[in-house]
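Undergrad: What follows is each chain in one-letter form.
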Amino acid sequence: MFSLLWRFFPGPVWLRILVLLLVVAALVWALITYAYPYAATLLSSEESTVTS
Amino acid sequence: MENQPADAVVEAAASASVPAGAGGARHAVGGSHARTRRRARLSPLTVIGELLLVSGLAVLGYFGWQYVNTQVVVPQQQQGLAAQQSARWAAEADPETPWNGKIPIAAAPAEGQVFGVLYIPAMGKNYAYRVAEGTDRPTVLDLSDKGIGHYDKTQMPGATGNFAIAAHRSGPWVTPFREIMRLRVGDPIYLETEDGWYTYRFRSQEYVLPTETDVLDAFPRVSGEPGKDRILTLTTCHPKEDGTAERAITYAVFDDFRPRSEGAPAALAEANSNVAGSSAKQAGA
Chain A
1 MFSLLWRFFP GPVWLRILVL LLVVAALVWA LITYAYPYAA TLLSSEESTV TS
Chain B
1 MENQPADAVV EAAASASVPA GAGGARHAVG GSHARTRRRA RLSPLTVIGE LLLVSGLAVL
61 GYFGWQYVNT QVVVPQQQQG LAAQQSARWA AEADPETPWN GKIPIAAAPA EGQVFGVLYI
121 PAMGKNYAYR VAEGTDRPTV LDLSDKGIGH YDKTQMPGAT GNFAIAAHRS GPWVTPFREI
181 MRLRVGDPIY LETEDGWYTY RFRSQEYVLP TETDVLDAFP RVSGEPGKDR ILTLTTCHPK
241 EDGTAERAIT YAVFDDFRPR SEGAPAALAE ANSNVAGSSA KQAGA
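So the sequences go chain by chain: A and B. With the first letter of the first sequence counted as 1, position 39 gets the number 39 in my numbering; the numbers rise by one all the way through. With the first letter of the second sequence counted as 1, position 255 gets the number 255 in my numbering; the numbers rise by one all the way through.
Hints may be right or wrong, so weigh each one.
[To be verified] Simulated DEER-style distance windows between Cβ atoms:
1) A:23 x B:95: 56 to 62 angstroms
2) A:10 x B:139: 18 to 24 angstroms
3) B:52 x A:34: 37 to 43 angstroms
4) B:90 x A:4: 55 to 61 angstroms
5) B:212 x A:21: 50 to 56 angstroms
6) A:9 x B:67: 31 to 37 angstroms
7) A:21 x B:139: 36 to 42 angstroms
8) A:3 x B:212: 58 to 64 angstroms
9) B:47 x A:12: 24 to 30 angstroms
10) B:76 x A:30: 36 to 42 angstroms
11) B:246 x A:4: 17 to 23 angstroms
12) A:11 x B:44: 27 to 33 angstroms
Please keep in mind that the hints were generated in silico from the structure rather than gathered at the bench. Each residue gets a CB set at the ideal place from its N, CA and C atoms; glycine is no exception.
Working from the sequences, and respecting the hints, build out all of it.
TA: Here is the structure:
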């Protein structure tokens, strides 16, 4: 998978590294904006109130 | 390392027919350069392994995100919202009407409505969170722009009795009471409302079971009519990072009230760099 990705982008090594870093940044952004908040709604069971 | 056996196979294939290594030999012969030969077929195991690596990093990132979100992003957002809220109240205030000297009782707000800002300098220099009505999780406690909820069956600030509020201590959204154990006896807790600033002083803490609702009594743990005391009760979960088996209950008692016309308490303005304007007013007074 990593090797496919590496071959998918054209250009010299420095350009590929740059493009792949941008792809990683976009992935991280998507995780923080969409995936993590969604996961939080499924995972958390924190309670802070007292109820009978 | 892979090249050497492959080359050997190529040589062998050239000289004689080798049925066992035929597949490898054909592949090696088809690609004349070493570079093309190295492109082995992508094994599904490799793909699975790489996907596992990536998802492992993503899960690790979730924990990092949780921390950054509740410790950096949301506190800053809340401090900004608190400053806006305070400025709005200041703009709405009627400077012509003097304070009548009585401690005002905040009007009961609608469910989910923000009616106060809580400042606890002991839990962070610029600590400020907005307080809303109700302790419903999806509409108050889990929302990063609210976070602290008032038990709607308890009294409002200023009234004799118990003003009880709840907030998360850990979790991914908003954790206003995370550092509640930093409070020391006598530490001030400020609640700003439309009318002004109520100052409470931290008195004590205890751990209870989630079902012990008598901590919300007009005088905590004592049933009956409210006395003369004005109590502030903060409830949150315990242990801090590990489950919700218990509740940490924090009590504070009312100390002082400053009307909006007199500006924020000097100690609060000194501790919190976002609380502005009051020092100038006090210098004038």
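Undergrad: Taking the hints in turn, state whether each one holds.
TA: To see whether the hints hold, each was checked on the structure:
1. A:23 x B:95: 56 to 62 angstroms: Since the Cβ atoms of residue 23 of chain A and residue 95 of chain B sit about 57 angstroms apart, the hinted range of 56 to 62 angstroms holds.
2. A:10 x B:139: 18 to 24 angstroms: violated (51 angstroms)
3. B:52 x A:34: 37 to 43 angstroms: violated (21 angstroms)
4. B:90 x A:4: 55 to 61 angstroms: holds (60 angstroms)
5. B:212 x A:21: 50 to 56 angstroms: holds (53 angstroms)
6. A:9 x B:67: 31 to 37 angstroms: holds (33 angstroms)
7. A:21 x B:139: 36 to 42 angstroms: Taking Cβ atoms as reference, residue 21 of chain A and residue 139 of chain B lie about 40 angstroms apart, which means the hint holds.
8. A:3 x B:212: 58 to 64 angstroms: About 60 angstroms separates the Cβ atoms of residue 3 of chain A and residue 212 of chain B, which means 58 to 64 angstroms holds.
9. B:47 x A:12: 24 to 30 angstroms: With Cβ atoms ~26 angstroms apart, the hint holds.
10. B:76 x A:30: 36 to 42 angstroms: At 22 angstroms between Cβs, range violated.
11. B:246 x A:4: 17 to 23 angstroms: The hinted range 17 to 23 angstroms is violated for residue 246 of chain B and residue 4 of chain A, with Cβ atoms some 51 angstroms apart.
12. A:11 x B:44: 27 to 33 angstroms: Holds - the Cβ-Cβ distance for residue 11 of chain A and residue 44 of chain B, about 29 angstroms, lies within 27 to 33 angstroms.
Violated hints, listed in ascending order, are 2, 3, 10 and 11; each of the other numbered hints is respected by the structure.
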